[in-house]
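*Asks:* Letter by letter, the chains look like this.
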Amino acid sequence: DAGVTQSPTHLIKTRGQHVTLRCSPISGHKSVSWYQQVLGQGPQFIFQYYEKEERGRGNFPDRFSARQFPNYSSELNVNALLLGDSALYLCASRTGTGISYEQYFGPGTRLTVT
Amino acid sequence: GENVEQHPSTLSVQEGDSAVIKCTYSDSASNYFPWYKQELGKRPQLIIDIRSNVGEKKDQRIAVTLNKTAKHFSLHITETQPEDSAVYFCAAKTTDSWGKLQFGAGTQVVVTP
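Top line first, the protein sequences correspond to chains E and V.
Under my numbering, the final residue of the first sequence carries the number 115; numbering is consecutive throughout.
Under my numbering, the final residue of the second sequence carries the number 117; numbering is consecutive throughout.
Chain E with its partners taken away, still in its complex shape (with noise of 0.2 Å):
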């Protein structure tokens, strides 16, 4: 079975700039997870979707918005990019249901902001 899968792998934006990352989860999975892990540190909860709902959201501004589509994949977009949003973005997903609590990440996006 495929694992988490993400696109791009690596994305070299200009500040300023708009950038969307996609992220397709475990087969069945219905709930997917956005993270942002600053190099040396541990990944950042930014948001939570389950059935195309959101369920959660970090602390990050407005810039940052998330959706999900009716076959669970899902898009985290974030405008007017700042130096500071450089960063490895891991989508995770599970199952979503009952009282399974197990995440699985994606291999993430590196995006560089110059």
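No lab work stands behind these hints, which were simulated from the structure alone.
Remember, it's a predicted structure, so these values are computed and weren't measured experimentally.
A couple of the hints might just be wrong.
Derived DSSO-like pairs: lysine-lysine, alpha-carbon spacing no greater than 30 Å straight-line [what the hints assert, rightly or not]:
hint	chain 1	residue 1	chain 2	residue 2
1	E	K53	V	K26
2	V	K61	E	K14
3	E	K31	V	K62
4	V	K61	E	K31
Starting from the known structure of chain E, fit chain V onto it as the hints suggest.
*Replies:* Frame of chain E; chain V shown alone:
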């Protein structure tokens, strides 16, 4: 909100020795505590987890213990091998969140032959 502290930040061990990483959490409502291993340039990989109704869980050379009263949990790696070298993250999830994990800052483990 939940706050997770992790110690030590770096840990150097001789091959064959044991490694212990400790985390404390602030929210007594937390009910799920996973550990992730992240090798350089790779994704965090779930290696073991424990729920609040269990005190200890073991999987081969890896074990996790949970002390709910003291609000801390630990990762134990026995008979360490060079391939155990990585950054290890602890995390906690509260009962009122759908899946939000609060991560510790990570522990760089170096196993020297």
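*Asks:* Taking the hints in turn, state whether each one holds.
*Replies:* Taking the hints in turn, this is what the structure says about them:
| no. | hint | in the structure |
| --- | --- | --- |
| 1 | E:K53 <-> V:K26 | 36 Å, violated |
| 2 | V:K61 <-> E:K14 | 44 Å, violated |
| 3 | E:K31 <-> V:K62 | 29 Å, holds |
| 4 | V:K61 <-> E:K31 | 27 Å, holds |
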